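S.K.: Below are the chains, spelled out letter by letter.
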Amino acid sequence: MALIETNNLWKTYDMGKVQVHALRGISIKIDKGDYIAVMGPSGSGKSTLMNLIGCLDTPTQGEYHLNGKRVSQMHDDELAEIRNREIGFVFQTFNLMPRSTALHNVELPLIYGGRNREERLQMARHALEVVNLGERVMHKPSELSGGQRQRVAIARAMVNKPSLLLADEPTGNIDTKTGDEIMGLFAELHNNGNTIILVTHEMDIARNADRILFIRDGQIEKEEIVRRAS
Amino acid sequence: MIYWDIFRMALNALWANRLRSGLTLLGVIIGVTSVITIISAIEGFMGSVQAEINKLGPTTFLVVRVGGIITSEDAFFEMIKRKPFEVEYAEAIEDACEDCEKIAMQAYGFSREVKYRDKKLSNVYIRGAGASMIDIVDYEVEHGRFYSYEEDYGGRRVAFVGTTIQKQLFPNIDPIGKTIKINNLKYDIIGIAKEQGATFGHDADKIIFIPFNTFAKDFGTPRRNLTIFVKARSIDVLDKAMDQTRVVLRAYRHVPYDKEDDFSLLTADSIMEQFNNITRFMRFGLIGITSISLIVGGIIIMNIMMVSVTERTREIGIRKSIGARQKDILFQFLFESFILSVGGGLIGISLGVLLGDLLINLINMDMTPSLLAILLGIGISSGIGIFFGIYPAMKAARLQPVKALSYE
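Protein chains in written order, with this note's numbering: chain S, 2 to 231; chain B, 111 to 518.
If you are wondering where the hints come from, they were derived from the structure by calculation, not from laboratory data.
A quick note: this is a predicted structure, and the numbers were derived from the prediction, not measured.
Errors might be hidden in some of the hints.
[Stated by the list, open to error] Just a sample of chain S residues kept apart from chain B, beta carbon distances all over 10 Å, derived: (1) Asp15; (2) Ser43; (3) Asn52; (4) Arg86; (5) Ser146; (6) Met204; (7) Asp205; (8) Val227.
[Said to hold, decoys possible] Simulated crosslink set (DSSO-like; lysine-lysine; CA at most 27 Å straight-line): (9) Lys70/S to Lys277/B; (10) Lys230/B to Lys327/B; (11) Lys18/S to Lys513/B; (12) Lys288/B to Lys350/B; (13) Lys141/S to Lys513/B; (14) Lys229/B to Lys277/B; (15) Lys162/S to Lys437/B; (16) Lys505/B to Lys437/B; (17) Lys165/B to Lys437/B; (18) Lys70/S to Lys30/S; (19) Lys369/B to Lys70/S.
Note that the Cβ used here is the ideal one computed from N, Cα and C, for glycine as well.
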């Protein structure tokens with residue numbers, strides 16, 4: 002069964018008199034363990050698609066099933082629980098809590114997941130060790146480099162063992178060398194069986210994925226298979 | 111427990127904005143302090159008045175020409191037209207009232223200068239009272255004796271004095287047997303009253319009792335200001351004693367059977383009730399005015415929370431993206447305003463009780479910290495935190511994750 006299945010997704014924004022169609026009937030299927038890159042010029046609707054897949058927003062029309070659950074008609078709080086358990090986000094701007102330590106940042110999804118303190122700290126420490134930040138758990142974001150911050154964000158995304166890792170331009174704010182390290186980390190996560198969706202506008206980055214979806218004007222323009230999934 | 115974790119997040123957020131939190135706290139502190147101060151002071155004041163009035167004792171009532179609750183303009187004019195009292199009333203009540211134990215007439219006195227040799231003491235309160243008065247009022251004999259019926263009947267110039275007279279005019283000598291002058295008339299001191307202490311800045315020991323008939327002879331009978339003090343045999347027969355007294359007075363004053371009494375009977379309870387009624391407007395007015403500062407404190411909280419929500423829109427977006435539900439965000443912000451208001455409330459209560467105490471001491475009254483004021487303070491401040499915090503918190507909780515995340 003597919004991890005993600007969308008059927009004719011539409012997203013329309015009502016801008017007063019004008020209706021803007023950000024997505025015009027997107028139907029995709031992503032299996033467990035897939036590594037997909039989504040490419041497209043700005044305004045193509047790729048961010049809107051990411052928001053829908055990430056359950057940050059709901060479609061105007063169409064169906065979306067995640068892990069067998071029909072999420073397109075869910076309420077705010079149900080979506081919040083889906084985001085907490087099923088999805089890990091990695092953003093271009095890291096989106097860490099600036100005043101909290103790396104450990105607390107990684108612990109946060111577990112707090113909202115209702116886990117107890119001991120379990121939380123153990124899981125958070127482990128996640129930071131996986132991204133090679135075991136020595137930096139008590140550092141605040143301002144005391145970390147861009148690459149380290151992004152690794153904290155990845156640890157936070159993965160700490161709850163979600164079914165899906167959603168990365169929106171994860172290398173956009175860091176230099177090429179560090180970006181390569183981050184992409185290496187993604188490859189590792191993929192090899193361990195994680196499903197990854199990566200939004201980027203850089204072809205070099207997109208080529209790390211198994212499959213690339215090209216989006217234009219709210220529709221899927223074409224699909225390119227980089228390599229057969231093993 | 112997730113709420114405990116959210117509570118800690120709220121504390122951390124407040125600590126991160128220490129200056130702002132401190133200033134907000136100050137707003138609440140000022141509001142709660144002023145309300146608690148006023149309530150404590152009023153409670154203390156009312157308590158002291160009650161204690162003062164209770165000195166009359168539960169079995170004693172007063173018969174006065176004008177008194178009681180004035181309910182209308184007509185009642186007021188009826189009162190001031192009432193006939194004066196006659197000196198014979200006291201005797202008449204004594205004869206006809208079976209349940210009355212002691213009766214004493216009193217001429218409500220005035221303040222005079224008192225001299226002993228070359229020493230002077232001004233503003234001494236002179237009370238002309240019957241010989242039974244010592245058994246009715248709260249004064250007790252410390253030294254010497256009170257005057258007798260014979261001395262009263264004979265209009266003898268004897269005086270029973272308060273301790274202030276002794277301290278000021280006779281610092282090192284025994285005043286008993288000494289002669290003082292009031293209005294250039296000589297009075298012999300025969301007894302000293304036990305110290306009463308000062309209340310409301312009024313020195314209850316700066317007083318001289320002289321026999322009623324002596325007062326009438328020396329200063330004239332103040333027929334418009336006569337008060338009859340009556341002590342019933344027991345609390346059980348107080349009502350009967352009052353009824354009997356009423357019958358006597360109605361007969362003496364020729365009140366037709368279909369007319370209301372043209373005099374008033376006052377007990378400690380009815381005096382307190384009157385005092386309550388008279389001061390009610392003032393008390394509630396004061397509390398009302400000071401409550402404005404509480405509302406201002408609440409508005410400050412709301413304002414700061416609104417700014418905080420706007421400023422932290424992105425943070426809210428991040429929290430939502432990793433799984434915070436609406437109520438998680440709601441409680442975080444609600445906890446913040448709650449901590450501010452209850453924290454400010456607790457500090458304000460302590461300050462208010464302290465200040466209230468100080469204020470009460472200035473006017474020489476006893477005061478115990480008012481439990482009512484404390485409970486009220488906690489209740490009001492937590493109420494403010496929730497009332498003024500709920501809107502900003504709901505605004506935060508309802509933010510759309512996508513919009514919140516892209517907020518610059």
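S.K.: Each of the hints needs a verdict: does it hold here or not?
M.R.: Hint by hint, here is what the structure shows:
1. Its beta-carbon lying about 14 Å from the closest one in chain B, Asp15/S satisfies the requirement of being farther than 10 Å from that chain.
2. Consistency note on Ser43/S: stated as away from chain B, and its beta-carbon is indeed over 10 Å from all of that chain's, at 13 Å minimum.
3. Taking the minimum C-beta to C-beta distance to chain B, about 5 Å, the non-interface status of Asn52/S is violated against the 10 Å cut.
4. Arg86/S, annotated as away from the interface, has a beta carbon of chain B within 10 Å; the closest lies near 7 Å.
5. Even its closest Cβ contact with chain B, about 20 Å, leaves Ser146/S beyond 10 Å, as expected for a residue assigned away from the interface.
6. Even its closest Cβ contact with chain B, about 25 Å, leaves Met204/S beyond 10 Å, as expected for a residue assigned away from the interface.
7. For Asp205/S, the non-interface assignment is confirmed: its Cβ lies about 26 Å from the closest Cβ of chain B, beyond the 10 Å cut-off.
8. Look at Val227/S: its CB is around 28 Å from the nearest CB on chain B, clear of 10 Å, so calling it non-interface holds up.
9. A C-alpha spacing of about 94 Å is found between Lys70/S and Lys277/B, which places the hinted pair above 27 Å, so the restraint is violated.
10. Distance check on the hinted pair: Lys230/B and Lys327/B sit about 24 Å apart at the alpha-carbon level, within 27 Å; holds.
11. For the given pair, Lys18/S sits about 21 Å from Lys513/B by alpha-carbon distance, which is consistent with the 27 Å threshold.
12. Restraint check for Lys288/B and Lys350/B: the C-alpha separation of about 44 Å exceeds 27 Å, so the hint is violated.
13. The suggested pairing of Lys141/S with Lys513/B holds, with an alpha-carbon distance near 26 Å, which does not exceed 27 Å.
14. A threshold of 27 Å between alpha carbons decides the hint, and for Lys229/B with Lys277/B the separation of about 12 Å falls inside it, so the pair holds.
15. Distance check on the hinted pair: Lys162/S and Lys437/B sit about 24 Å apart at the alpha-carbon level, within 27 Å; holds.
16. The straight-line distance between the Cα atoms of Lys505/B and Lys437/B is roughly 11 Å, inside the 27 Å bound, and the hint therefore holds.
17. Straight-line distance between C-alpha atoms of Lys165/B and Lys437/B comes to about 58 Å, which puts the hinted pair past the 27 Å bound.
18. A C-alpha spacing of about 14 Å is found between Lys70/S and Lys30/S, which places the hinted pair at or below 27 Å, so the restraint holds.
19. Between Lys369/B and Lys70/S the CA atoms are separated by roughly 88 Å; this puts the pair beyond 27 Å, and the hint is violated.
Checked against the numbered hints given earlier, the structure breaks hints 3, 4, 9, 12, 17 and 19 and satisfies all the rest.
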